[in-house]
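Construct the complete structure from the given sequences, taking the supplied hints into account.
Next come the chains, spelled out residue by residue.
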Amino acid sequence: MTTVLLCLALFTVAAAAVAMAMRNLIHSALLLVASWAGIAAFYLWAGAEFVAFAQLLVYVGAISMVVLFAVLLTRHSRLDFDREPETRGRVRLALFTGGAVCGVLVAAVLGTAPSSVPAAVPSLTVRQLGLALMGPHAASLLAVGVVLTVALLGGVVLAASARHSDPEDAP
Amino acid sequence: MSLPGQLSVLFPLASGLGASSPLAAVLPASDSALERLPLTLRGLLTGWLPASWQWLANSLIAIVVLIVAFASLFALLTLAERKILGRVQNRPGPNRAPLPFLNLRTYGLAQPVADGVKMLTKEDIVPDGADRVLHFLAPIALLAFSILTLAVIPYGRLLVALDLDASVLFFFAAGAATELAVFMAGWASRNKYSLLAAMRALAQLISYELPLLLSVVPVVLMAGSLSTSVIVERQGEWWLGFLPRWYVFTPWGLAGFLVFFVASLAESNRSPFDLPEAESELIAGHLTEYSGFKYALFFMAEYFGMCALCGMAVTLFLGGWQAPLPFLSFIPSYLWFAGKLLALLGVFMWIRASFPRLRIDQLTRLAWKFLVPLALINLGTTAFWSLTADWAGLLQPLRWLIAAGLIAGPFLLLGRNLSKGLGPRTYRYAA
Amino acid sequence: MLGTGLLQGLAVTAKNLVGSFHDPERYVTMEYPEVKTKLPENYRNFPFLVHDDPKDPLGSLRCVACTICETECPPQCIYIVMDRDEKGKALKRPKVFDIDISVCMSCQICVEVCPFDAIKMDQHYEIAETNRFQGLLLSREQLSKSNAYYHQLHPTEAAAVDALLAEQKAKQAAAKAAKAAPAAKPPAPAAPAANPPPPPAPSAEAPKPPTPPAP
Amino acid sequence: MSVGPLQLCLLFSSALFCVGLIGALSRSNTILVLLGIELMLNAANLNFIAFWRFGPNPAAATGVIFVLFSIAVAAAEAAVGLALVIAIYRHQKNVRLQEASQLKG
Numbered sequence: 001m002t003t004v005l006l007c008l009a010l011f012t013v014a015a016a017a018v019a020m021a022m023r024n025l026i027h028s029a030l031l032l033v034a035s036w037a038g039i040a041a042f043y044l045w046a047g048a049e050f051v052a053f054a055q056l057l058v059y060v061g062a063i064s065m066v067v068l069f070a071v072l073l074t075r076h077s078r079l080d081f082d083r084e085p086e087t088r089g090r091v092r093l094a095l096f097t098g099g100a101v102c103g104v105l106v107a108a109v110l111g112t113a114p115s116s117v118p119a120a121v122p123s124l125t126v127r128q129l130g131l132a133l134m135g136p137h138a139a140s141l142l143a144v145g146v147v148l149t150v151a152l153l154g155g156v157v158l159a160a161s162a163r164h165s166d167p168e169d170a171p
Numbered sequence: 172m173s174l175p176g177q178l179s180v181l182f183p184l185a186s187g188l189g190a191s192s193p194l195a196a197v198l199p200a201s202d203s204a205l206e207r208l209p210l211t212l213r214g215l216l217t218g219w220l221p222a223s224w225q226w227l228a229n230s231l232i233a234i235v236v237l238i239v240a241f242a243s244l245f246a247l248l249t250l251a252e253r254k255i256l257g258r259v260q261n262r263p264g265p266n267r268a269p270l271p272f273l274n275l276r277t278y279g280l281a282q283p284v285a286d287g288v289k290m291l292t293k294e295d296i297v298p299d300g301a302d303r304v305l306h307f308l309a310p311i312a313l314l315a316f317s318i319l320t321l322a323v324i325p326y327g328r329l330l331v332a333l334d335l336d337a338s339v340l341f342f343f344a345a346g347a348a349t350e351l352a353v354f355m356a357g358w359a360s361r362n363k364y365s366l367l368a369a370m371r372a373l374a375q376l377i378s379y380e381l382p383l384l385l386s387v388v389p390v391v392l393m394a395g396s397l398s399t400s401v402i403v404e405r406q407g408e409w410w411l412g413f414l415p416r417w418y419v420f421t422p423w424g425l426a427g428f429l430v431f432f433v434a435s436l437a438e439s440n441r442s443p444f445d446l447p448e449a450e451s452e453l454i455a456g457h458l459t460e461y462s463g464f465k466y467a468l469f470f471m472a473e474y475f476g477m478c479a480l481c482g483m484a485v486t487l488f489l490g491g492w493q494a495p496l497p498f499l500s501f502i503p504s505y506l507w508f509a510g511k512l513l514a515l516l517g518v519f520m521w522i523r524a525s526f527p528r529l530r531i532d533q534l535t536r537l538a539w540k541f542l543v544p545l546a547l548i549n550l551g552t553t554a555f556w557s558l559t560a561d562w563a564g565l566l567q568p569l570r571w572l573i574a575a576g577l578i579a580g581p582f583l584l585l586g587r588n589l590s591k592g593l594g595p596r597t598y599r600y601a602a
Numbered sequence: 603m604l605g606t607g608l609l610q611g612l613a614v615t616a617k618n619l620v621g622s623f624h625d626p627e628r629y630v631t632m633e634y635p636e637v638k639t640k641l642p643e644n645y646r647n648f649p650f651l652v653h654d655d656p657k658d659p660l661g662s663l664r665c666v667a668c669t670i671c672e673t674e675c676p677p678q679c680i681y682i683v684m685d686r687d688e689k690g691k692a693l694k695r696p697k698v699f700d701i702d703i704s705v706c707m708s709c710q711i712c713v714e715v716c717p718f719d720a721i722k723m724d725q726h727y728e729i730a731e732t733n734r735f736q737g738l739l740l741s742r743e744q745l746s747k748s749n750a751y752y753h754q755l756h757p758t759e760a761a762a763v764d765a766l767l768a769e770q771k772a773k774q775a776a777a778k779a780a781k782a783a784p785a786a787k788p789p790a791p792a793a794p795a796a797n798p799p800p801p802p803a804p805s806a807e808a809p810k811p812p813t814p815p816a817p
Numbered sequence: 818m819s820v821g822p823l824q825l826c827l828l829f830s831s832a833l834f835c836v837g838l839i840g841a842l843s844r845s846n847t848i849l850v851l852l853g854i855e856l857m858l859n860a861a862n863l864n865f866i867a868f869w870r871f872g873p874n875p876a877a878a879t880g881v882i883f884v885l886f887s888i889a890v891a892a893a894e895a896a897v898g899l900a901l902v903i904a905i906y907r908h909q910k911n912v913r914l915q916e917a918s919q920l921k922g
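Protein chains in written order, with the numbering used here: chain S, 1 to 171; chain D, 172 to 602; chain Y, 603 to 817; chain A, 818 to 922.
Calculated directly from the structure, the hints in this document are not laboratory data.
A virtual CB, placed ideally from N, CA and C, is assigned to each residue, including glycine.
Be aware that a few hints might be false.
[As the list claims (entries may be wrong)] In silico contact screen, one side only, chain D against chain S (beta carbon under 8 Å); selected entries:
#1 L335
#2 L340
#3 F341
#4 A347
#5 L351
#6 I377
#7 A394
#8 L397
#9 W539
[As the list claims (entries may be wrong)] In silico lysine to any residue, SDA-like type, Cα no more than 20 Å apart, as pairs:
#10 D:K254 - Y:K747
#11 Y:K638 - D:N261
#12 D:K540 - Y:M603
#13 Y:K617 - D:L516
#14 D:K293 - D:S462
#15 D:K254 - Y:N618
#16 Y:K638 - D:R267
#17 D:K591 - Y:G607
#18 Y:K617 - D:G517
#19 Y:K640 - D:N261
#20 D:K363 - S:L72
#21 D:K254 - Y:T631
#22 D:K254 - Y:V630
#23 D:K540 - S:R23
#24 Y:K747 - Y:G661
[What the hints assert, rightly or not] Listing some non-contacts, in silico: residues in chain D with all C-beta distances to chain Y over 12 Å:
#25 I232
#26 D336
#27 R405
#28 S462
Written as structure tokens, this is what we have:
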């Protein structure tokens with residue numbers, strides 16, 4: 001039971017950590033995609049099939065594309081990766097903060113007595129999920145729809161800036 | 172508890188491959204021996220294993236059979252495609268490659284073998300300064316994701332490799348991941364033209380993912396399930412006792428099928444949407460820097476993707492493994508599926524032989540200004556259809572009429588808008 | 603309506619696809635090495651030398667080594683050496699007749715200018731060679747083809763040539779007979795006697811040689 | 818001290834959260850900072866699924882539904898965030914976060 005989980009966790013965290021430490025942005029984006037896929041595998045392991053495929057579809061299929069396009073549309077100078085003293089100090093600070101947060105979280109997790117754990121995988125069909133979404137959670141579903149639409153429009157407005165004044169683009 | 176048994180408990184997905192899937196489920200007594208033949212064969216192979224190992228063996232067999240079947244189908248398809256293209260252009264197509272040592276020509280049946288040998292013996296070139304790891308991983312990732320999509324298609328009444336509750340979602344999730352491999356191929360080549368072509372390919376794939384998914388939603392709505400096997404079961408009834416109730420024979424189903432078909436043409440990079448690797452204009456798009464067997468792997472993945480999308484179209488709209496007429500159901504279901512799949516692949520080739528390639532702006536305009544709105548309207552029509560399911564008697568023709576009008580009207584309007592200013596050309600100086 | 607044009611296109615290709623299986627008009631491809639196209643009679647490709655006696659292909663060449671074709675050949679791919687006996691007397695036959703077909707452009711001017719109908723155009727087009735120097739330089743042994751072969755290639759033209767030659771021969775024979783006869787009529791045979799190499803009739807063609815060079 | 822599967826899942830998610838946090842705090846590239854925030858969001862999702870799976874009331878499916886919404890919001894966040902990155906880039910010709918310190922263009 002735990003071996004599979006441990007392997008998944010190791011893979012996911014390692015991929016994420018290496019991605020965060022990499023200089024090559026494309027490599028780190030692709031490693032992050034691997035890490036997201038590992039999280040999808042964790043959802044599968046936990047029995048949340050629908051969420052796993054949704055994660056795969058949204059993160060591996062869509063967000064990764066957006067990230068890669070953003071990386072390619074922006075130029076990166078060596079300056080971005082230079083280890084200035086200021087940067088080094090920030091890295092040290094970040095490591096300290098992260099370590100502290102991690103310590104607090106781990107202490108909290110280990111210090112709490114485990115509750116009763118259901119051994120069987122809870123069965124949750126897509127049908128039940130859909131009924132729950134359209135029934136008690138219909139309002140939030142609508143809200144999410146609105147958020148997504150607004151985000152889409154906002155993204156388009158932000159990314160497609162006022163280029164109309166550019167004489168070269170004039171028809 | 173032995174290791175595989177433990178694994179099967181831990182990984183519900185993996186166990187779906189074997190024990191709990193219809194592949195091994197209790198067999199309905201009504202099925203003929205022919206229908207059960209694949210299962211009987213598998214039983215002979217794995218029956219002697221202890222029960223806890225059986226699902227592992229069964230899943231392995233399912234994987235091997237799927238890969239072998241589709242790899243040989245790929246080999247035959249390359250030949251069939253060239254033959255059909257040749258016949259359309261008044262030539263015989265490849266007919267020369269002889270069988271080794273026999274010097275028999277057999278209508279070019281050995282051509283795939285010859286191609287394979289050629290591809291294997293070519294030099295594998297990696298550009299200087301390219302990202303070797305990604306360059307190597309891209310074809311593998313593409314092929315792996317294409318093979319994943321093959322897992323959830325029901326090939327027969329009892330033949331689903333992976334019977335998931337959300338298999339349609341799985342199909343599109345795995346299909347969406349292929350875009351990543353395309354990007355990897357383009358970027359890792361360290362060639363700006365490869366990269367540009369990969370970006371174009373991505374733009375096309377993302378644009379056509381939308382109508383593809385939107386045209387599937389009506390089917391899910393009507394079938395009330397995301398499971399492919401349930402969707403096929405739902406299409407198993409008959410109008411008037413002999414007409415099949417496949418989804419394609421309803422107004423919304425026909426429109427959905429056409430949108431799905433066009434989008435899947437684009438999604439599998441097939442002509443007339445084969446811009447990403449247009450051989451005659453670009454060298455090979457994002458595949459420019461690939462040679463030898465890696466290139467062959469890309470093509471294999473393309474054909475696998477094409478087979479998977481055709482299989483999905485058959486499953487969703489053409490009744491899957493259902494026989495077209497009641498008295499024909501004595502023929503095993505997997506043969507019906509194979510027949511429909513091959514017919515659809517034939518149409519793919521027919522279309523490739525007929526139409527010229529689109530320009531990139533025409534391509535994206537078709538997706539965003541025609542297919543997406545049509546798919547959305549189709550979704551509304553399907554909602555109407557499902558709301559009026561209880562209309563009987565004279566109301567039934569009215570229901571058909573309204574649904575057909577709801578689709579045909581927007582189709583005409585959108586079509587006119589799409590082809591505005593594209594009337595028959597007049598040539599000033601030509602005779 | 604959107605789509606009708608697509609259906610029309612599909613119909614065209616479908617007709618071709620089905621038609622290629624039963625309609626020879628829609629399946630025009632020849633499988634080349636096994637099946638060859640029937641060439642039109644006027645197809646021409648590289649010259650060859652005509653001989654009259656199949657038993658003696660080199661001795662019965664019509665060519666008299668007059669070198670008109672050699673001088674007229676625009677790319678100068680013909681090389682002729684006249685055969686001479688020990689005393690240096692011309693024997694009116696070529697000792698060497700080479701054509702470099704890597705240079706030849708199949709213009710047919712040599713055929714046009716030949717007063718003896720000795721050189722004609724071939725239809726042989728499979729001329730790939732592994733040796734580009736020796737293989738593409740054809741000697742008179744390789745160039746010499748029988749009159750029957752000529753008939754096979756260009757039946758109409760060959761028949762006309764044969765008739766013309768027969769007529770000349772008859773005229774020559776008549777002239778000889780007239781010369782032999784005591785009551786000779788000098789004016790008529792005088793013309794042929796004046797210039798020995800060409801027989802009388804080709805004198806109509808004789809003024810032609812200077813003209814061909816293109817402007 | 819016994820470590821049950823629930824604790825393991827929680828440790829997993831805290832590790833992921835901290836990796837995301839360190840990345841977001843230490844890197845100066847806007848895109849990487851965004852990706853670090855995405856990772857933190859994912860770690861939170863992991864917790865939801867873990868509590869749904871091993872919690873006392875799995876039938877309620879609240880965790881799964883929350884994760885679905887969270888994925889949708891993450892998609893929106895990524896779209897807007899990366900559009901912002903492109904807007905910043907267009908403005909100052911690089912994507913260093915330190916230099917994006919002006920509100921006025």
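Tested hints:
no.	hint	verdict
1	L335	holds, 6 Å
2	L340	holds, 4 Å
3	F341	holds, 5 Å
4	A347	holds, 3 Å
5	L351	holds, 6 Å
6	I377	holds, 6 Å
7	A394	violated, 11 Å
8	L397	holds, 5 Å
9	W539	violated, 12 Å
10	D:K254 - Y:K747	violated, 43 Å
11	Y:K638 - D:N261	holds, 17 Å
12	D:K540 - Y:M603	holds, 16 Å
13	Y:K617 - D:L516	holds, 19 Å
14	D:K293 - D:S462	holds, 7 Å
15	D:K254 - Y:N618	holds, 13 Å
16	Y:K638 - D:R267	holds, 17 Å
17	D:K591 - Y:G607	holds, 15 Å
18	Y:K617 - D:G517	holds, 15 Å
19	Y:K640 - D:N261	holds, 19 Å
20	D:K363 - S:L72	holds, 12 Å
21	D:K254 - Y:T631	holds, 13 Å
22	D:K254 - Y:V630	holds, 15 Å
23	D:K540 - S:R23	violated, 40 Å
24	Y:K747 - Y:G661	holds, 12 Å
25	I232	holds, 38 Å
26	D336	holds, 37 Å
27	R405	holds, 29 Å
28	S462	holds, 30 Å
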